[in-house]
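Asks: With the hints as your guide, set chains B and C onto chain A.
One line per chain: the protein sequences are A, B and C, in this order.
Going by my numbering, the final residue of the first sequence carries number 126, and the count climbs one at a time with no gaps.
Going by my numbering, the final residue of the second sequence carries number 1126, and the count climbs one at a time with no gaps.
Going by my numbering, the final residue of the third sequence carries number 2126, and the count climbs one at a time with no gaps.
Don't read these hints as lab results, they were simulated from the structure.
Each residue gets a CB set at the ideal place from its N, CA and C atoms; glycine is no exception.
Treat the hints loosely; a few may be bogus.
To be verified - With the Cβ distance kept under 10 Å, some of the chain C side facing chain B (calculated, not the full set): (1) P2004; (2) W2008; (3) I2011; (4) L2062.
Each chain, written out:
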Amino acid sequence: MQLPWASWITIVTLLMYFWVIANVGRARGKYQVKAPSVDGPPEFLRSLRVQINTSEQLIFFLPALWLCAYWWSDQVAALGGALWIVGRVVYALAYYRDAAKRSAGFGIATLASIGLLLGAVYGLIR
Amino acid sequence: MQLPWASWITIVTLLMYFWVIANVGRARGKYQVKAPSVDGPPEFLRSLRVQINTSEQLIFFLPALWLCAYWWSDQVAALGGALWIVGRVVYALAYYRDAAKRSAGFGIATLASIGLLLGAVYGLIR
Amino acid sequence: MQLPWASWITIVTLLMYFWVIANVGRARGKYQVKAPSVDGPPEFLRSLRVQINTSEQLIFFLPALWLCAYWWSDQVAALGGALWIVGRVVYALAYYRDAAKRSAGFGIATLASIGLLLGAVYGLIR
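Chain A extracted, bound-state conformation (with noise of 0.2 Å):
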């Protein structure tokens, strides 16, 4: 069984993902902090948070996207899978001006997670 659109998803995750790794090169940079330090002003922090809290989020999403795709449908785990990206994008640009805005992106994404889980164990009984 080949699952193009999953695939396609994934793909644009990892472009998102290298988006958000590069955003805390830069700032690194920007604010001189040198490693192995990853303490620094609340810029580069907030830079930070966005990237360790995509990983999290990231290791839950990709097997839950693939599990829906594998035993439901590559189509649906498509569309749950470009709403948590979007979701991802919403809480690393809120993230970035205000740690106290990134609920909604966060929720969003957090939705889609779940309802991808949902749809692999919907598929795995029937």
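Replies: Just chains B and C now, with coordinates in the frame of chain A:
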């Protein structure tokens, strides 16, 4: 080839991981640790360390689980996976109370992970 | 479709990752950094940063490796994967001595990761 057992183990793993992440969110609220800070009382730090360590181990475990399931046996892999989940829950519950008590659960899960990797190698070679 | 080459590369990757994790455990003992603390002398911090950065990059690398292997070529993906592992080992060994020397290995591994992602896109399009 369908691998329903590894799929179910992955779903339970994600649920366990979700629980560990939710515990950090709860601790963040309870101990008033404001993002982007990740510094706080030991209770908060312990819940954070459990989550971080779970993420670290998860990205070793899931590939090992699936390689073992694919190349050797879906059911053997699921047994190793179930042991890993038990080990990680024991680890988390112990660590939440006392960091010094975290070794037993950690050891069980690490043995399970190494067993899965060896199982994958065995399946690939034969 | 069987992908033994990507499987072997994944196994070697997990062994490399295990080595990096074990180095943090050893440094924790050597420099008496008691959990849940992750603060300590620069030697400890460097081994910790190597592990964290390896985790971050691993979750980009593995999906890119498998998408490239599946959609384009198992062997081409394995070549990119071998380059990634070499880059990460060079990175780790350099970073353990001096954080300022980490760029070369990091650059090699990042090029390999981007190459694998482009390979996946190429395979999906054609």
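Asks: Taking the hints in turn, state whether each one holds.
Replies: Going through the hints against the structure:
A cut of 10 Å between beta carbons decides the hint on P2004 (chain C): the least distance to chain B is about 6 Å, and the hint holds. Residue-level restraint check for W2008 (chain C) holds (minimum Cβ-Cβ distance to chain B is 7 Å; threshold 10 Å). Interface restraint check for I2011 (chain C): the shortest CB-CB distance to chain B comes to about 6 Å, inside 10 Å, so the restraint holds. Interface restraint check for L2062 (chain C): the shortest CB-CB distance to chain B comes to about 6 Å, inside 10 Å, so the restraint holds.
Every hint, counting from the list given before, is met by this structure.
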